[in-house]
Amino acid sequence: MNTKILMTSSALFLAIIGILLSFLPNEILEYLNVEPNIITILFVKIMSALYMGFGILNAMAKGTLIGGIYNRPIAIGNLMHFGVGAIALVKIASKIQVHSEIIISLAAVYVIFAILFVYVFKTNPTKVK
Numbered sequence: 787m788n789t790k791i792l793m794t795s796s797a798l799f800l801a802i803i804g805i806l807l808s809f810l811p812n813e814i815l816e817y818l819n820v821e822p823n824i825i826t827i828l829f830v831k832i833m834s835a836l837y838m839g840f841g842i843l844n845a846m847a848k849g850t851l852i853g854g855i856y857n858r859p860i861a862i863g864n865l866m867h868f869g870v871g872a873i874a875l876v877k878i879a880s881k882i883q884v885h886s887e888i889i890i891s892l893a894a895v896y897v898i899f900a901i902l903f904v905y906v907f908k909t910n911p912t913k914v915k
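Position 6, counted from 1, in the sequence shown is what the numbering used here calls 792; the numbers after and before it change by one each time, with no gaps.
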């Protein structure tokens, strides 16, 4: 599998979410019907830093071999993030009543990335010419 495409697409996805959370925390919280206060804004900004950090990590690792024993921490970190995120989003998708389209679309993206990172984690990489 060409992990360069996977790492680039996951880096873009994570960076876009991180940038949006960083620059529009009040607007996002209001859209989700959460009252913005100093604590919720702080948590959103910390979450933004996590997303941007993971995005940068994936962007910097896109040119390296990933899978099997190569760059195992990067593969398992992404697998944990997308796997646990997918489970949480799928569990809540049927229970949420406001803006369920956001949760369902995020769940779909997270499930796809989780499956791809399971594949990367379980297989040995091949060099692409």
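No lab work stands behind these hints: they were computed from the structure.
From the three backbone atoms N, C-alpha and C, an ideal C-beta is built for every residue, glycine too.
Careful: at least some of the hints might be erroneous.
[Unchecked claim] If you anchor each label on the Cβ, the simulated ranges turn out as follows:
hint : residue 1 : residue 2 : range
1    : G839      : I791      : 15 to 25 Å
2    : M833      : I882      : 15 to 25 Å
3    : E816      : Y905      : 36 to 46 Å
[What the hints assert, rightly or not] Taking lysine-lysine and the BS3-like style, the derived pairs with C-alpha atoms no more than 27 Å apart in a straight line are:
hint : residue 1 : residue 2
4    : K831      : K908
5    : K881      : K908
6    : K881      : K831
7    : K848      : K877
8    : K877      : K790
9    : K908      : K790
10   : K848      : K881
Hints, verified against the model:
As the Cβ distance of G839 to I791 is approximately 21 Å, the hint placing it in 15 to 25 Å holds. Between M833 and I882, the C-beta spacing of about 18 Å keeps the proposed range 15 to 25 Å intact. Distance hint check for E816 and Y905: the Cβ-Cβ separation is about 38 Å, which falls inside the suggested range of 36 to 46 Å. For the suggested pair K831 and K908, the alpha carbons sit about 33 Å apart, so the restraint of at most 27 Å is broken.
Simply put, K881 and K908 have alpha-carbon atoms about 33 Å apart, too far for the 27 Å limit, and the pair is violated. The straight-line distance between the Cα atoms of K881 and K831 is roughly 26 Å, inside the 27 Å bound, and the hint therefore holds. Restraint check for K848 and K877: the C-alpha separation of about 31 Å exceeds 27 Å, so the hint is violated. Of the supplied pair hints, the one linking K877 and K790 is violated, its CA atoms being roughly 30 Å apart against a limit of 27 Å.
At roughly 17 Å between alpha-carbon atoms, K908 and K790 fall within 27 Å of each other, so this suggested pair holds. In summary, the hint linking K848 to K881 is not supported, as the alpha carbons are separated by about 36 Å, beyond the 27 Å threshold.
The earlier numbered hints that this structure contradicts are 4, 5, 7, 8, 10.
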